[in-house]
Amino acid sequence: MIPAPFDYYAPTSLAEALTLLQQHGDDAKILAGGHSLLPAMKLRLAAPSVLIDINRVAELRGIKVNGTVEIGAMTTWSAIEHHAALAKACPAMADAVGLIGDIQVRNRGTIGGSLAHADPAADMPAVVLAVDAQIHVEGPNGPRAIAAADFFTDMLSTALEPGEIITAITFTSHGPGEGSAYAKFPHPASRYAIVGAAAYVKMENGQVTACRVAITGAGPKAERQTAVEQALIGTDGSADAVAAAAAHAGEGMEMLGDIHASEEYRRAMCKVYAKRALLKAIERAR
Amino acid sequence: MTTITVTVNGVRYTSEVEPRLLLVHYLREHLNLTGTHIGCDTSQCGACVVHINGVSVKSCTTLAVQCDGAEITTIEGLAHNGQLHPLQEGFWEKHGLQCGFCTPGMIMAAADLLKRNPNPTDEEIRHGLEGNLCRCTGYENIVRAVRYAAEKMAATQAAD
Ligand SMILES: Cc1cc2nc3c(=O)[nH]c(=O)nc-3n(C[C@H](O)[C@H](O)[C@H](O)COP(=O)(O)OP(=O)(O)OC[C@H]3O[C@@H](n4cnc5c(N)ncnc54)[C@H](O)[C@@H]3O)c2cc1C
Ligand code: FES
Ligand code: FES
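Note that the protein sequences, when read in sequence, are chains A and B. Letter 164 of the first sequence, counting from 1, is numbered 164 in full-length UniProt numbering, and no numbers are missing. Letter 41 of the second sequence, counting from 1, is numbered 41 in full-length UniProt numbering, and no numbers are missing.
Worth flagging that the hints you see were computed from the coordinates, not collected in a lab. Ideal Cβ placement from N, Cα and C applies to all residues, glycine included. There's no promise every hint is true.
Cross-link-like lysine-lysine pairs, in silico, DSS-like; alpha carbons within 30 Å at most [claimed, not checked]:
| no. | chain 1 | residue 1 | chain 2 | residue 2 |
| --- | --- | --- | --- | --- |
| 1 | A | Lys64 | B | Lys152 |
| 2 | B | Lys115 | A | Lys88 |
| 3 | A | Lys64 | A | Lys42 |
| 4 | A | Lys88 | A | Lys280 |
Listing some non-contacts, in silico: residues in chain B with all C-beta distances to chain A over 12 Å [claimed, not checked]:
| no. | residue |
| --- | --- |
| 5 | Thr2 |
| 6 | Gly10 |
| 7 | Arg12 |
| 8 | Tyr13 |
| 9 | Val24 |
| 10 | Cys45 |
| 11 | Cys60 |
| 12 | Thr61 |
| 13 | Thr62 |
| 14 | Gly69 |
| 15 | Cys99 |
| 16 | Leu113 |
| 17 | Gly138 |
| 18 | Ala155 |
With the C-beta cut set under 10 Å, the calculated list includes, among others, these residues of chain A facing chain B [said to hold, decoys possible]:
| no. | residue |
| --- | --- |
| 19 | Pro3 |
| 20 | Gly34 |
| 21 | Ala46 |
| 22 | Gly98 |
| 23 | Gln104 |
| 24 | Ser190 |
| 25 | Arg191 |
| 26 | Arg276 |
| 27 | Lys280 |
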């Protein structure tokens, strides 16, 4: 459990980190919280020859909440978990973060690291899809924003280009009539999602007028559940309407099967957890 | 090799380390502080928990070079002037251990938990110690030990 040797850099600004990444190219990896990368390096599943530790880049940390929520890429799960205004602006995020790993994982792990890693069982990909977030990155060609819907391309794969660093995540704060929630079936030892569901709804005059649902853990990547969303929009958001809509969860999705849960079981759990997340989101929106 | 300066349990050390050296190996093999244990290869067991700048972390999933300039507390630094920390006393009084392998990490994680939440419910203690696995006790007496410490710390504070 000892990583292969590497050179270590700890830049103190984003510009410096980008230059180092540019210089070392494919041999280099960014080190954020290290709670996906270091375990992989200890098992020699990853062996970068250069690590660029961005923990000392202060400009990448912090949370701002007004009409828009902005979370710096290096913000830890703990900082997000204990931010009262953020929990109000997006309850789904607070739900999800409080269920990640354990206190020690949350003290180190970062939102940027989780999104860049795109673990199929990570929680945050479902949340950023459900709140329709923008993922801000900076690279050799300057800054750009990627919609969450375009970000996750495959298992452990994202739309990040070589040399790019995630700098922040933004999305619109919930207003009146809007609610969101996250529900998951955690792996009993690691707490990663066996199946996790994030839901956002908007209610106007007793009707669901907008809805986004995303599932993580079940397949190779987190995915929006458009069939569920279409089935719920226009209904009164009653328990029956939610159950009917949630029955479409997992439709058309490739399922993963392993010793913890078969494909069939995960498919069944997609429906259960989509329903739970939606019921909670609607309760909060009312 | 990289030079780091760290303060561990109040003592300053300057060391030459390889970047790949994990904090847990630095503590155990360079400083001979073997109270911090290694129980797994997957960052799941919590036997290695220490505090960096007052925050609990898994020292098997942190590089020693990342701790340059930091204050670290290990299980060896918890007792003060020969007086056991209330958590150490709680584990003794409530039989919170059998083999004791998980205990240092359990206590360091519980110390962070009690700092954030001085009066946790049993449910909150269990949730707060999710990152610590114990193969012997079945956790019940660990929860009692943490509750004992919380009550003792509250009583001491009230007396002050
Ligand atoms: C025991 C355990 C339990 C866990 N349980 C859960 C869980 O329940 N749910 C969950 O979602 N996660 C879980 N995790 C994962 C945890 O949340 C990780 O911290 C997270 O997935 C990765 O974030 P990090 O900051 O640690 O990134 P790192 O491990 O430092 O990096 C991960 C990858 O992303 C790249 N990267 C990091 N930051 C950036 C950036 N800003 N820009 C571009 N690339 C970047 C790195 O180069 C690396 O390839 C668990 C981890 C452990 C060890
Ligand atoms: S040794 Fe198991 S979590 Fe660190
Ligand atoms: S007392 Fe033996 S592992 Fe906990």
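Quiz item: What are the numbers of the hints the structure violates, in ascending order?
Solution: Of the numbered hints, 1, 3, 5, 9, 10, 11, 12, 13, 14, 16, 21, 26 and 27 do not hold.
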